[in-house]
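Participant: Given next are the chains, with one letter for each unit.
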Amino acid sequence: MTRAWILLAGALIVVAGLSLITPIASISELRRTDPELAWMLVQELRLPRTLLALGHGAVLGMTGAALQATFANPLASPDITGSSSGAALGAVAGGYWLGITGPLALAACGAAGAGLALAALFAIAGRRSETATLLLAGVAIALAAGAGTSLLLALAPSPFAFYDSFEWLMGSFVDRSLPQAAAALVPAALACGLLARRAKALDMMALGDDVAASVGFQPRRLAMEVVVLTAIAVGACVSVCGAIAFVGLIAPYAARSLTRGHPGRALIPAACIGAILLASADLLVRLAPAGRAIPVGVITTAIGTPLFIWIVAKMRRTVTS
Amino acid sequence: MAASALLAAASIASLNLCTDEYLLLLARPQEIASVSFLSQDPQESALWKTAKGHHANRGSLEQVMGRKPSAVLTMGGGGKATAMIAARLGIRSLDLRPVRSIEDVAYNFRMTASALGEPARAKPWLERLARLQRTRPRREADTIWLGGGGQTIGTPSIGADWLRLAGLKQRSLNGDRVSLETLLVKPPTVLVQSQYRSGQMSRGVEWLKHPIVRGAKSRRVEVDGRAWTCMGPMVIAEVERLRRVLQ
Amino acid sequence: MTALLNATAISVDGRLSRTDLHLRLPQMIAVIGPNGAGKTSFLRALAGIEATTGSVAIDEEVIAHAPPSRRMRLMSFMPATRNVVWPITARDVISLGLPSPDPARVEALIDVLELAAISERPVNHLSTGERSRVLLARALAARPRLLLLDEPLSNLDPFWVLRVLEIVRAETQTSGSSALVSVHDLNQVAAFDRVLLLDRGGLVADGAPQDVLNSSALSQAFRIEREGSGWKIREPA
Numbered sequence: 001m002t003r004a005w006i007l008l009a010g011a012l013i014v015v016a017g018l019s020l021i022t023p024i025a026s027i028s029e030l031r032r033t034d035p036e037l038a039w040m041l042v043q044e045l046r047l048p049r050t051l052l053a054l055g056h057g058a059v060l061g062m063t064g065a066a067l068q069a070t071f072a073n074p075l076a077s078p079d080i081t082g083s084s085s086g087a088a089l090g091a092v093a094g095g096y097w098l099g100i101t102g103p104l105a106l107a108a109c110g111a112a113g114a115g116l117a118l119a120a121l122f123a124i125a126g127r128r129s130e131t132a133t134l135l136l137a138g139v140a141i142a143l144a145a146g147a148g149t150s151l152l153l154a155l156a157p158s159p160f161a162f163y164d165s166f167e168w169l170m171g172s173f174v175d176r177s178l179p180q181a182a183a184a185l186v187p188a189a190l191a192c193g194l195l196a197r198r199a200k201a202l203d204m205m206a207l208g209d210d211v212a213a214s215v216g217f218q219p220r221r222l223a224m225e226v227v228v229l230t231a232i233a234v235g236a237c238v239s240v241c242g243a244i245a246f247v248g249l250i251a252p253y254a255a256r257s258l259t260r261g262h263p264g265r266a267l268i269p270a271a272c273i274g275a276i277l278l279a280s281a282d283l284l285v286r287l288a289p290a291g292r293a294i295p296v297g298v299i300t301t302a303i304g305t306p307l308f309i310w311i312v313a314k315m316r317r318t319v320t321s
Numbered sequence: 001m002a003a004s005a006l007l008a009a010a011s012i013a014s015l016n017l018c019t020d021e022y023l024l025l026l027a028r029p030q031e032i033a034s035v036s037f038l039s040q041d042p043q044e045s046a047l048w049k050t051a052k053g054h055h056a057n058r059g060s061l062e063q064v065m066g067r068k069p070s071a072v073l074t075m076g077g078g079g080k081a082t083a084m085i086a087a088r089l090g091i092r093s094l095d096l097r098p099v100r101s102i103e104d105v106a107y108n109f110r111m112t113a114s115a116l117g118e119p120a121r122a123k124p125w126l127e128r129l130a131r132l133q134r135t136r137p138r139r140e141a142d143t144i145w146l147g148g149g150g151q152t153i154g155t156p157s158i159g160a161d162w163l164r165l166a167g168l169k170q171r172s173l174n175g176d177r178v179s180l181e182t183l184l185v186k187p188p189t190v191l192v193q194s195q196y197r198s199g200q201m202s203r204g205v206e207w208l209k210h211p212i213v214r215g216a217k218s219r220r221v222e223v224d225g226r227a228w229t230c231m232g233p234m235v236i237a238e239v240e241r242l243r244r245v246l247q
Numbered sequence: 001m002t003a004l005l006n007a008t009a010i011s012v013d014g015r016l017s018r019t020d021l022h023l024r025l026p027q028m029i030a031v032i033g034p035n036g037a038g039k040t041s042f043l044r045a046l047a048g049i050e051a052t053t054g055s056v057a058i059d060e061e062v063i064a065h066a067p068p069s070r071r072m073r074l075m076s077f078m079p080a081t082r083n084v085v086w087p088i089t090a091r092d093v094i095s096l097g098l099p100s101p102d103p104a105r106v107e108a109l110i111d112v113l114e115l116a117a118i119s120e121r122p123v124n125h126l127s128t129g130e131r132s133r134v135l136l137a138r139a140l141a142a143r144p145r146l147l148l149l150d151e152p153l154s155n156l157d158p159f160w161v162l163r164v165l166e167i168v169r170a171e172t173q174t175s176g177s178s179a180l181v182s183v184h185d186l187n188q189v190a191a192f193d194r195v196l197l198l199d200r201g202g203l204v205a206d207g208a209p210q211d212v213l214n215s216s217a218l219s220q221a222f223r224i225e226r227e228g229s230g231w232k233i234r235e236p237a
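Protein chains in written order, with the numbering used here: chain A, 1 to 321; chain B, 1 to 247; chain C, 1 to 237.
Hints may contain errors.
Among chain A residues calculated to face chain B with C-beta under 7 Å, some are [to be verified]:
1. Gly95
2. Ser158
3. Phe160
4. Asp175
5. Ser177
In silico negatives: residues of chain A with every beta carbon more than 10 Å from chain C [to be verified]:
6. Leu30
7. Pro74
8. Leu143
9. Leu190
10. Gly193
No lab work stands behind these hints, which were simulated from the structure alone. Only a predicted model underlies this, so the values are computations on that prediction, with no experimental measurement involved. Using N, Cα and C, we set each Cβ at its ideal position, and we do this for glycine too.
Whole structure, please, built from the sequences with the hints as guidance.
Facilitator: Below, the structure written as structure tokens:
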């Protein structure tokens with residue numbers, strides 16, 4: 001386990017470093033002529049992008065792990081439960097229609113959207129439902145929220161809004177500013193900190209609601225807390241970067257292989273793995289031909305879909321009796 | 001027959017935001033049969049007050065047929081239907097040139113004025129254009145025209161020509177987009193920033209609020225983006241203003 | 001001497017009417033009753049999982065006020081459902097029952113319940129019987145003062161039914177604790193010190209096994225009556 005941690009930390013540092021300096025050409029040139037400007041370039045352009053990629057990835061990983069523990073389902077994740085899409089809908093409604101401009105206020109709109117999506121999921125599927133019910137309900141909510149987002153953008157006051165839908169539905173870290181990064185990551189960090197403290201309780205939930213309750217944890221309250229904290233963290237990030245799929249599904253899955261299956265202990269490793277995954281995807285995006293913008297969600301979906309199918313196939317073969 | 005056609009009052013319909021500009025600038029109110037709906041939108045046209053109250057069309061001839069125009073203005077071809085219907089109804093169909101040079105603007109003025117039956121009406125505008133070209137400033141400051149999302153003007157282009165009349169040389173950039181990195185590392189001497197729809201949220205408008213754009217170390221001049229959509233006669237006033245401001 | 005268990009006026013809306021239970025000495029108690037009688041509700045109310053009214057105190061300590069690490073040492077609950085979704089190893093599941101790590105204790109339990117062959121297997125890949133033993137080990141791990149086991153003997157083959165009863169007896173004697181075990185098979189009742197009979201949400205009999213088995217309350221509740229050492233369907237009156 002310690003070796004795994006060292007590897008994770010190493011990968012994190014490498015990816016973060018690469019993200020800060022790629023593409024290197026302009027920075028190395030500036031370092032010779034105007035070092036202060038080189039530093040500003042890293043600080044004002046590369047740093048927000050790096051922080052957001054790592055932070056959003058960590059949020060998706062940790063909230064994915066928490067949702068999976070709460071729903072007792074290895075397929076729950078911010079995107080499949082519809083909370084990412086709900087967050088995009090909330091942020092778009094607030095920004096394009098209600099004229100909300102402050103980044104923190106927009107983050108709150110995102111959180112509200114994510115919270116409503118999760119509430120809808122509870123209402124439709126309940127908490128301890130079968131995988132099929134959970135998946136169908138979550139995907140339905142995600143699709144509805146996505147369509148709603150596109151509609152709001154198509155009819156928004158500005159005719160340019162329609163072309164923004166790609167970024168909202170598939171995510172982007174390009175040209176974000178430090179204040180935006182702060183508005184997303186400070187609430188997200190607070191929410192994730194509170195989530196991480198519930199790791200032990202979530203581990204006990206693995207034995208069922210009754211056992212967890214008998215030990216003194218309150219399953220319903222815990223579920224509510226997970227939902228609210230997830231909504232805040234995901235909502236804040238999506239309001240700045242858009243909705244990004246599959247990281248919240250894959251990272252917890254990988255994390256649980258490190259924590260020998262314990263869902264609660266996997267929260268922090270999932271955050272690390274999520275950060276590495278998303279920052280790497282953002283590095284890949286930079287390899288695209290100049291002038292073409294590939295939303296980062298395209299990469300995560302391309303890699304995530306086959307993994308998702310593989311997980312589903314594996315679930316079919318579990319011994320049930 | 002020809003005499004009565006000449007005596008009949010001109011009533012012109014314009015099907016296009018860019019052709020609207022010439023009509024609204026040259027015609028008397030009773031000579032305007034219809035303008036495109038975009039001209040009546042304050043976000044799209046600086047002439048919206050003039051355009052208000054006239055019949056609005058969505059760009060097709062069948063929508064203006066009921067107004068019985070004597071001529072219809074299109075730009076870049078009106079489509080087969082337009083030419084056909086116009087021919088059958090005896091409506092003159094005038095295709096103005098898409099603006100690719102200052103000379104095209106002059107041409108369009110002359111065409112519109114003659115469609116109105118008074119070629120002399122174009123004269124003040126043509127003189128203004130000629131004066132601009134005669135008094136072009138010697139200096140050519142390194143300039144970047146900035147729209148939402150980093151959109152900029154290509155070179156060579158009509159936009160670059162207009163800027164040159166203001167003593168500004170649009171920098172040649174890769175594609176029609178300027179990156180935040182360029183603004184930070186190699187800021188232009190002059191930054192001409194468009195305020196087009198700046199009050200309405202879009203990712204493009206958000207881009208302009210990035211600290212790097214806000215803090216760019218350039219002489220910044222704001223312009224009315226609406227004029228630069230068509231690159232037509234409305235830019236004349238912009239160029240004159242740019243000259244005054246950058247004196 | 002302090003009361004081991006003081007459960008006062010516990011009830012569950014619609015399932016269990018107000019019931020008291022007081023234990024002074026360590027005992028192995030069987031909880032029996034027909035389906036829907038409220039056995040599970042009773043155990044869950046005692047475990048503090050679900051109760052509309054009442055309070056439960058173990059060793060004079062109200063369990064609702066105890067933090068999880070303390071509560072684990074006061075009481076543990078084994079539910080009737082053996083569902084575990086996650087691929088956690090049997091050994092780790094047992095460790096979940098301990099508030100602080102104690103590998104020796106885990107080894108001892110693996111030994112006693114003969115789980116060595118499957119201790120590294122993920123628990124969701126085990127058969128129901130194996131899973132029952134693992135979950136029982138988890139419930140025993142912290143040596144709680146009160147064991148609440150809901151149908152622990154179902155899904156076990158005859159050897160394990162007898163063996164589990166032996167193990168629970170041994171554990172309660174070593175730590176001076178008590179166990180409340182709900183059972184379905186009336187023949188297993190003889191191994192217990194005391195029997196509680198529940199019917200339609202109420203406690204209708206409480207006494208030594210033979211007394212309860214021969215009682216009219218049991219006969220009424222189950223609609224069967226004694227015939228020799230076996231049973232027959234009771235004729236409607």
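Participant: Report holds if the minimum CB distance from leucine 143/A to chain C is greater than 10 Å, and violated otherwise.
Facilitator: 26 Å, holds
Participant: Grab the minimum beta-carbon distance between leucine 30/A and chain C and tell me whether it stays above 10 Å.
Facilitator: It holds; leucine 30/A is separated from chain C by about 51 Å at its closest Cβ, greater than 10 Å.
Participant: Are all C-beta atoms of chain C more than 10 Å from that of glycine 193/A?
Facilitator: 20 Å, holds
Participant: Report holds or violated for the interface hint on serine 177/A, using the least CB-CB distance to chain B and a cut-off of 7 Å.
Facilitator: Holds, about 5 Å.
Participant: Measuring from the C-beta of glycine 95/A to each C-beta in chain B, is the shortest one below 7 Å?
Facilitator: Cβ of glycine 95/A sits 5 Å from chain B, so the hint holds.
Participant: Holds or violated: is the Cβ of leucine 190/A farther than 10 Å from all Cβ atoms of chain C?
Facilitator: The claim holds: leucine 190/A sits with its nearest Cβ about 24 Å from chain C, beyond 10 Å.
Participant: Is the hint on phenylalanine 160/A kept, meaning its closest Cβ partner in chain B is under 7 Å away?
Facilitator: 4 Å, holds
Participant: Regarding the hint that serine 158/A lies at the interface with chain B, is the smallest CB-CB distance below 7 Å?
Facilitator: 4 Å, holds
Participant: Run the C-beta distances from proline 74/A to all of chain C and say if the shortest one exceeds 10 Å.
Facilitator: Its Cβ does come within 10 Å of chain C, the nearest being 7 Å, so this is violated.
Participant: Under 7 Å, Cβ to Cβ, is where aspartate 175/A needs to be relative to chain B, so tell me if that hint holds or is violated.
Facilitator: 6 Å, holds
Of the hints listed earlier, the one the structure fails to meet is number 7.
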